[in-house]
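K.L.:
Model the full structure from these sequences, guided by the hints.
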Amino acid sequence: MAASTAATTGDERRAEPEATVLRADDVAVHFGGVKAVDGVSITLTAGRIFGVLGPNGSGKSTLLAALTRLVPLTRGRLEFQGKPYDTVRPHTIAARGVARTFQTVRILPGRTVFDNVALGAESAGRPGSIGRAGKAERGRVRQRVRTAIERTGLSGKERHRPDELSYGYQRRVEIARAIASEPTLLLLDEPTAGMNRQERDDITGLLDDLRGEGLTQLLIEHDVQMMVEACDHLFAMNFGELIADGEPESVVRHPAVQEAYLGTQGRAHA
Amino acid sequence: MTDWYFSHIVLVQSTLTTLLLALSVQVPLRAGVFSFAGVGCYGIGGYLAAIGMVHYGLSTASAILLAAAAGGIAAYALGLLIQRLTGLYLAMATVAFTLIIAVVVVNGGDLTGGAAGLFGALGTLDTGHLLAVVAVVVVALTFTEIGPLGRRVEAVREDPELASAMGIDVARYRRATFAVSGVLGGLSGSMTVLLRSTVTPDDINFHLVVLALTIIIVGGSRSWIGAFVGTVIFVWMPEVLAFVGEWEDVVYGVLVAAAAVYLPGGVTGAAMDGYRRYRRKRREAQSSPDAPPPQPAAAAAGGDR
Numbered sequence: 003m004a005a006s007t008a009a010t011t012g013d014e015r016r017a018e019p020e021a022t023v024l025r026a027d028d029v030a031v032h033f034g035g036v037k038a039v040d041g042v043s044i045t046l047t048a049g050r051i052f053g054v055l056g057p058n059g060s061g062k063s064t065l066l067a068a069l070t071r072l073v074p075l076t077r078g079r080l081e082f083q084g085k086p087y088d089t090v091r092p093h094t095i096a097a098r099g100v101a102r103t104f105q106t107v108r109i110l111p112g113r114t115v116f117d118n119v120a121l122g123a124e125s126a127g128r129p130g131s132i133g134r135a136g137k138a139e140r141g142r143v144r145q146r147v148r149t150a151i152e153r154t155g156l157s158g159k160e161r162h163r164p165d166e167l168s169y170g171y172q173r174r175v176e177i178a179r180a181i182a183s184e185p186t187l188l189l190l191d192e193p194t195a196g197m198n199r200q201e202r203d204d205i206t207g208l209l210d211d212l213r214g215e216g217l218t219q220l221l222i223e224h225d226v227q228m229m230v231e232a233c234d235h236l237f238a239m240n241f242g243e244l245i246a247d248g249e250p251e252s253v254v255r256h257p258a259v260q261e262a263y264l265g266t267q268g269r270a271h272a
Numbered sequence: 034m035t036d037w038y039f040s041h042i043v044l045v046q047s048t049l050t051t052l053l054l055a056l057s058v059q060v061p062l063r064a065g066v067f068s069f070a071g072v073g074c075y076g077i078g079g080y081l082a083a084i085g086m087v088h089y090g091l092s093t094a095s096a097i098l099l100a101a102a103a104g105g106i107a108a109y110a111l112g113l114l115i116q117r118l119t120g121l122y123l124a125m126a127t128v129a130f131t132l133i134i135a136v137v138v139v140n141g142g143d144l145t146g147g148a149a150g151l152f153g154a155l156g157t158l159d160t161g162h163l164l165a166v167v168a169v170v171v172v173a174l175t176f177t178e179i180g181p182l183g184r185r186v187e188a189v190r191e192d193p194e195l196a197s198a199m200g201i202d203v204a205r206y207r208r209a210t211f212a213v214s215g216v217l218g219g220l221s222g223s224m225t226v227l228l229r230s231t232v233t234p235d236d237i238n239f240h241l242v243v244l245a246l247t248i249i250i251v252g253g254s255r256s257w258i259g260a261f262v263g264t265v266i267f268v269w270m271p272e273v274l275a276f277v278g279e280w281e282d283v284v285y286g287v288l289v290a291a292a293a294v295y296l297p298g299g300v301t302g303a304a305m306d307g308y309r310r311y312r313r314k315r316r317e318a319q320s321s322p323d324a325p326p327p328q329p330a331a332a333a334a335g336g337d338r
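Protein chains in written order, with our numbering: chain A, 3 to 272; chain B, 34 to 338.
Everything hinted at is true.
Beta-carbon label-pair distances, calculated as ranges:
{"hint": "1", "chain 1": "A", "residue 1": "Ala97", "chain 2": "B", "residue 2": "Leu118", "range": "24 to 32 Å"}
{"hint": "2", "chain 1": "B", "residue 1": "Gln116", "chain 2": "A", "residue 2": "Asn198", "range": "38 to 46 Å"}
{"hint": "3", "chain 1": "B", "residue 1": "Leu144", "chain 2": "A", "residue 2": "Arg144", "range": "54 to 62 Å"}
{"hint": "4", "chain 1": "B", "residue 1": "Val284", "chain 2": "A", "residue 2": "Thr106", "range": "40 to 48 Å"}
Honestly, the hints are just simulated from the structure, not real lab data.
Keep in mind the model is a prediction, meaning the values are calculated, not measured.
Glycine included, every Cβ here is placed at the ideal spot set by N, Cα and C.
P.N.:
This is the structure:
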């Protein structure tokens, strides 16, 4: 992983320390009779890493989709930097300063690493635009792409296509694409899935650096140890509901969380 | 050369107008929209140009501009109407649009000439005019294949949800492709009619949908170059295959089936894949200091003797 010495040019988009970046109030997403997310309320403050823990099917990814408006809310309210956004169209989210990665790698197969990262860099501030950006903006995009590529350890692979990269590197492309938009809030859905220990440490180090620069992050992961090490605050979910939240150590020791992961009998043996 | 040109002028001009028709289907397809609205707009453009010249004495340029504008507006309106449809359902709706245009012109009375069509709409078009229009279209479309716009169009096609997360208004892009498709269809139809001087309902039927689709399947759907290659193949094939006589349709069918099975990206897609493999091997050879220099393709193909 390259050292993160490059200056962040998106400082102006970062929120004041401890300011509320995102507030979700009583958010519910129901698919017919299935309550994928039900009555979840979370608040994310600036410059911290938040994590969402939970077993498979607990509603973590659906919560992320709800926060990015990719699925409609059954009920609830969403606020980003004090402004409600629960009725806006999904493509306007990026221009507000929200970037995300997906649970499975989703990058353009026919495009190079540079192109894929540029897609993210171009998303900042141009909601739905079809027209051609100005020369100055194109220069800024190139700079953002180079910085994101360097920070995610993709230097030298700019001209590679996704099918020439390992799964771990494809994950990095997703992360590079997300940070290239210089977001206010970064949502990461299992960013280290499929990575080895070294690669995981690299990504954790990058997220830590980004936190140091004031970037608010919401992480979804299965790796409990990584979540405890990386996050400042954890939310635990099961069956679409929030079952615990607070300091990472206290959340993973919470009886409801242990039961969700290990079951009642498992907890007795633990 | 001059003799060859004048003896093949119809094929040369037909290549250019058919390319515009193929592009009218390829443009929406590149944004993931399976639409044949451009073929319907070919009919609208062809008839409007003929009506404009025969009944209202429009100039050639005015008739073509009217046809292109009407095609764009009609396709955009259709796009608004059916924007919630996707895949085959969308394709069927746009095929139905084309067939409706054919029915309307049959029943259009004196205005459209009914089943007999309209005659005497001979424009002052030559190959140079066609080349100029095609050149403008190709340059404009090139910008939708490269750079930021190319990336966004590809994202809309490959993964609309990802595109949306990247700030791209997917619905707006799709509607835009309908309008562009309509303009291209209108241009193609009007110029074809003004070259032939006649238009009949039979000219805008289902066979045009099949023609445009097969051109893209064989040539390639990702770039205007694919549409051009496919157009050259299918416009010139009857000339080249004249010696097979009545077996021409069989050769045509085998060619399309073989391309669909063995060349999923069409001729240009296969060529691009081959070029990328070559560059990748070259890059790997260069990055490995111990690796032997890459063998010339001919020697590698020849193997040990």
